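Undergrad: The numbering used here numbers the first residue of the sequence shown as 14 and each following residue consecutively.
FYI, nobody ran anything at the bench for these hints, they're computed from the structure. All the given hints hold, so there is nothing to weed out.
Here are the simulated DMTMM-like cross-link-like pairs (lysine to aspartate or glutamate), alpha carbons at most 25 angstroms apart as the crow flies: (1) LYS227 <-> GLU207; (2) LYS108 <-> GLU72; (3) LYS107 <-> GLU72; (4) LYS107 <-> GLU91; (5) LYS108 <-> ASP60; (6) LYS108 <-> GLU91; (7) LYS107 <-> ASP86; (8) LYS108 <-> GLU65; (9) LYS108 <-> ASP86; (10) LYS66 <-> ASP86; (11) LYS107 <-> ASP60; (12) LYS227 <-> GLU204; (13) LYS227 <-> GLU205; (14) LYS66 <-> GLU91; (15) LYS66 <-> GLU104.
Predicted, not measured: the structure shown is a model, and the values here were computed from it.
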Amino acid sequence: MQEGVIDELAEDGNNRYRKNPSSESRAFLYKEEEQEEEENVCRICRDGEEEEKLVSACECTGSVRWVHRTCLDRWRMESAKRNMRNVNRCEICKKPFNISIRRRTLLWQSSRHLVLGVTLALSSVVFFFAITVFLRKTLGTISCRAPWRSVSYTTMFNLDGIMLTLFGYFMLVLLATFAFALVYSRWHTREEIEAHVQEFQALPEFWTFRNTTKVVAVYVIGIGQALCLGYLMKLWIYRTSNVVWNWEASPSIGAVLYMTFLTLGMSAVRAGREFFYNQSLTNASDIVVVDQQQEQQQQNEEERAEGNVDSQDQTPPTIEGSYETSQVVAVPPHLRPIRAMEYCPRRPVGRT
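Assemble the whole structure, with the sequences as input and the hints as a guide.
TA: Okay, here's the thing in structure tokens:
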């Protein structure tokens, strides 16, 4: 009878515990759930299964077990450039992968450069064709209707017109190159870019929305300035043709003048920067480096000779690193020795 009562009380206590668990048990269950959620992330991109299903590609366990197949394929293709052993073998558990690289990834990796080259060529052809049609419908008609135009409009389809068109294309490409070089040179010399290079030993991404907008704006402004110079030169030649010459100029000559002025201006700015930089180096080399320790020793020797101080107890003060610091200041920045921490800084922790 007593054993039956004890069993009933024990069962009643178990039911109450199941209905009202303690705070410690609830915390333990929550920790287990959080641990399960933390484990179900890709060890490469640290994302879950929202976009792609996670797979177990090797014999690793714990938080490094799961990985996206796309991330793994991309990582294995990049590892082929550095370490071939990590292509078919896990770098953590040292076991071979139980899944192979997908065929579409291999095809894209092998034909990527060819596809990009063909796309660039087709885009260039379409762009130049559209530019030709646009110029013919706008600036070509305006030029042919101008009073200083004496060449027939049909000559653009002859050899002279084709050569002039190709020259115009060349000037457009050259203007685009100058626009990119101008924006890139100013971007590369910014303080935050230099700080990023010193910290991570790599340049940040250049083709951002801001830099792309700057390149396009400089390119469009350059085309406008070249056309304005060309038509101004054409009008000047027309006004003075009855005095000096009897020929006319193409608007493309404005691009030549614009590129010439831009080249001379950039050369002058670069020469000025080099002059001031060499001037600063000359001023730095004129600095007289004084050895404070040697000067202090000479002063102490003079005092000993006069008998003012005891030579046995007198010890010259040592100034550690004073001479070395002066030498480092006198050396130009580009000739200073690179320390290990500057050459190999800590790398940022981010997604691979």
